[in-house]
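There are 2 protein chains.
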Amino acid sequence: MTATSLVPRPALEPDSTIGILGGGQLGRMLALAAARLGFKCHVFSPSPDSPAFDIVHRVTCADYGDTQALDRFAADVDVVTYEFENVPADTATFLAARVPVLPDPAILATTQDRLVEKNFVAGLGIRTAAFADVASPAHLQAAIERIGRPAVLKTRRFGYDGKGQVTIKNGTDPDAAWREVGGQPCILEAFVPFEREASVVAARGHDGSVECFDVTENEHRDHILKTSRVPAALSDADAAQARRIAETIAQKFGYVGVLAVEMFALRAGELLVNEIAPRVHNSGHWTLDGASVSQFEEHIRAIAGWPLAKPIRHGRVEMTNLIGREVEDYRRYLTMPGVAVHLYGKAAVRPGRKMGHVTRVFEK
Amino acid sequence: MTATSLVPRPALEPDSTIGILGGGQLGRMLALAAARLGFKCHVFSPSPDSPAFDIVHRVTCADYGDTQALDRFAADVDVVTYEFENVPADTATFLAARVPVLPDPAILATTQDRLVEKNFVAGLGIRTAAFADVASPAHLQAAIERIGRPAVLKTRRFGYDGKGQVTIKNGTDPDAAWREVGGQPCILEAFVPFEREASVVAARGHDGSVECFDVTENEHRDHILKTSRVPAALSDADAAQARRIAETIAQKFGYVGVLAVEMFALRAGELLVNEIAPRVHNSGHWTLDGASVSQFEEHIRAIAGWPLAKPIRHGRVEMTNLIGREVEDYRRYLTMPGVAVHLYGKAAVRPGRKMGHVTRVFEK
Numbered sequence: 003m004t005a006t007s008l009v010p011r012p013a014l015e016p017d018s019t020i021g022i023l024g025g026g027q028l029g030r031m032l033a034l035a036a037a038r039l040g041f042k043c044h045v046f047s048p049s050p051d052s053p054a055f056d057i058v059h060r061v062t063c064a065d066y067g068d069t070q071a072l073d074r075f076a077a078d079v080d081v082v083t084y085e086f087e088n089v090p091a092d093t094a095t096f097l098a099a100r101v102p103v104l105p106d107p108a109i110l111a112t113t114q115d116r117l118v119e120k121n122f123v124a125g126l127g128i129r130t131a132a133f134a135d136v137a138s139p140a141h142l143q144a145a146i147e148r149i150g151r152p153a154v155l156k157t158r159r160f161g162y163d164g165k166g167q168v169t170i171k172n173g174t175d176p177d178a179a180w181r182e183v184g185g186q187p188c189i190l191e192a193f194v195p196f197e198r199e200a201s202v203v204a205a206r207g208h209d210g211s212v213e214c215f216d217v218t219e220n221e222h223r224d225h226i227l228k229t230s231r232v233p234a235a236l237s238d239a240d241a242a243q244a245r246r247i248a249e250t251i252a253q254k255f256g257y258v259g260v261l262a263v264e265m266f267a268l269r270a271g272e273l274l275v276n277e278i279a280p281r282v283h284n285s286g287h288w289t290l291d292g293a294s295v296s297q298f299e300e301h302i303r304a305i306a307g308w309p310l311a312k313p314i315r316h317g318r319v320e321m322t323n324l325i326g327r328e329v330e331d332y333r334r335y336l337t338m339p340g341v342a343v344h345l346y347g348k349a350a351v352r353p354g355r356k357m358g359h360v361t362r363v364f365e366k
Numbered sequence: 003m004t005a006t007s008l009v010p011r012p013a014l015e016p017d018s019t020i021g022i023l024g025g026g027q028l029g030r031m032l033a034l035a036a037a038r039l040g041f042k043c044h045v046f047s048p049s050p051d052s053p054a055f056d057i058v059h060r061v062t063c064a065d066y067g068d069t070q071a072l073d074r075f076a077a078d079v080d081v082v083t084y085e086f087e088n089v090p091a092d093t094a095t096f097l098a099a100r101v102p103v104l105p106d107p108a109i110l111a112t113t114q115d116r117l118v119e120k121n122f123v124a125g126l127g128i129r130t131a132a133f134a135d136v137a138s139p140a141h142l143q144a145a146i147e148r149i150g151r152p153a154v155l156k157t158r159r160f161g162y163d164g165k166g167q168v169t170i171k172n173g174t175d176p177d178a179a180w181r182e183v184g185g186q187p188c189i190l191e192a193f194v195p196f197e198r199e200a201s202v203v204a205a206r207g208h209d210g211s212v213e214c215f216d217v218t219e220n221e222h223r224d225h226i227l228k229t230s231r232v233p234a235a236l237s238d239a240d241a242a243q244a245r246r247i248a249e250t251i252a253q254k255f256g257y258v259g260v261l262a263v264e265m266f267a268l269r270a271g272e273l274l275v276n277e278i279a280p281r282v283h284n285s286g287h288w289t290l291d292g293a294s295v296s297q298f299e300e301h302i303r304a305i306a307g308w309p310l311a312k313p314i315r316h317g318r319v320e321m322t323n324l325i326g327r328e329v330e331d332y333r334r335y336l337t338m339p340g341v342a343v344h345l346y347g348k349a350a351v352r353p354g355r356k357m358g359h360v361t362r363v364f365e366k
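For the protein sequence lines, the chains are A and B, in the order given. Under the working numbering, the first residue of the first sequence is numbered 3, with each subsequent residue one higher. Under the working numbering, the first residue of the second sequence is numbered 3, with each subsequent residue one higher.
Hints should not be assumed to be uniformly reliable.
If chains are identical, the list can't say which one is meant, so a pair holds when it fits in one copy or spans any two.
Unchecked claim - Below 25 Å or equal to it, Euclidean Cα-Cα: the simulated SDA-like pairs (lysine to any residue) are:
no., residue 1, residue 2
1, K312, R334
2, K366, E320
3, K312, K366
4, K228, R245
5, K228, V212
6, K171, G185
7, K312, E330
8, K228, E328
9, K312, S18
10, K312, M338
11, K312, D331
12, K312, H222
13, K312, Y332
14, K312, V329
15, K254, A91
16, K312, E328
17, K165, A111
18, K312, L336
19, K312, E365
20, K228, G26
Don't read these hints as lab results, they were simulated from the structure.
Excised from the complex, chain A in its bound form (with noise of 0.2 Å):
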């Protein structure tokens, strides 16, 4: 898996074009980002409303399985990427064997499934909370007699912002929680009682050299962050280890861009890895106005095999998003003393629904 990253790869000319699955938000920020940059950026979506097509030139609109659509996509860009981890394993073959495409899709296999993710990272020694593969309701009754109640059950592939997973507390009964995840493949872990979530932004270049943002902390609603503050409050120590523990991950996978890794800080002070993220990161959007270099640009000089900048603070920050009709209190925002307004110009307000974020920035 770390093949890639030591096959060296002329640096790109600032007038290229990447090439970025996905036009939401993400891709959107990426694409900005690159702008910067001097390049070109083509946005490849199957949904004609994406975010990312207003601020580049070049787009596909096509389903990721239409070869044709991803043949011309290959042809007009220099390096792939991606704005989400869910890019289906067809789709990154196809186009790998056509174009560079990075992070390199071998290590989607291991973040698509919670199960095979948790076995690399209890494999490199990096603790995760209790878990247990469950394949079938009899699987789901053992396991929650060996790791006790309250656990989660999740759907090992395609959950995010908890979509497919249900709390098994006293009294749930594990034939209807098993129904509700709707009978798939499943991972139950043990419900962790941390005192804050926190997350590691780090970016890897291709000369394997890594940069971490400082370690944010997390909070959510309704299973959907809500709030990032940074630094988290953590002690020197704890926050040394949870950048030694997101370095760790990026070399052993042999990444190339931007990753984020979700972590739980318990009372004692112990990190447990919750998930891996093969992408830029909600919790690392704080970056844009409170860096001195954003994660989106960190991506992009990685995968352009260009130089990683060093991170520097400008101070504390806070990152909240604006979800669903939230994001009618923008006006509020816009005349708050160094609050940055980001929206996605995404036209349809539906609950739940990431609309834009804002950042507040206290001076040093």
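Assemble the complex: chain A is given as a structure, and chain B must be docked to it using the hints.
Chain B only, in chain A's frame:
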């Protein structure tokens, strides 16, 4: 000329479309700022390789006199703005009859003509270098006698980056100088033995509020801006005076958007206005990385009828233009701590062409 600003206009919704006349780096950076706020942009430019085309989905490549193209452009956008001051008057008039154009094109009549501009500034009681109207070789002779040597002969219209001007020293033949500027209507300005050049970038909103960025000190090379430093090495009193001058000009114009006022700071602590740029300005590029809000976002906020933001500077800042082949140095800057690299996506490198810039923020 102030009528525009007195008409209350509803603020644009975030999914509105902003039309930008001109597709150079200023249009490009305006469009990137608009994208952060959720706006769509449509760029109109006669040049097929306009850098701003690459980062917007809707473009019109047509002559500024193409009324059919202008008509379609006007119908597609909610407001029109421009990246340069030499928008043909007919173009502005044609568009203004169809869609709001901001800043008010009437202001261009002042800023497109050095003589009218100087008279406007002087009429506000703001000091300029001594100047004289030069309509013929005979006028030139008289003007030289009045103003003395050295002096600078400048065409009244369409000069930028030192184009259309010649210095009249001891021994310079006035007739030769007159021929050198093409025998056009000119202005003769006394040569100012300035200690430093400074500029103020100021934004004025619909509501008459003004926000000035910190005074910037500028160094030119071959008449092209090479380096800007913030804050300028001026006394607090002089800096406050510079900001007052910019604010006065913005208010008297009934301006909506960002303008820049270039000034000479004399040894005696006196400030003379050199010229007004009715647009975002190269000496404000540092705001992208060095402040809580950029000049580009302030301009977009203003023309959208949104409130201005109060700019907070992150520290001492230095911006350096990458001109012509200097752009090849970008690799060196990529590895310098605290340095942000901006490349404009221009394919052809030409001597004197602004290809990008780098900003270094020295954190507080």
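Starting from the hint list further up, note which numbers the structure goes against and sort them upward. 5 and 12
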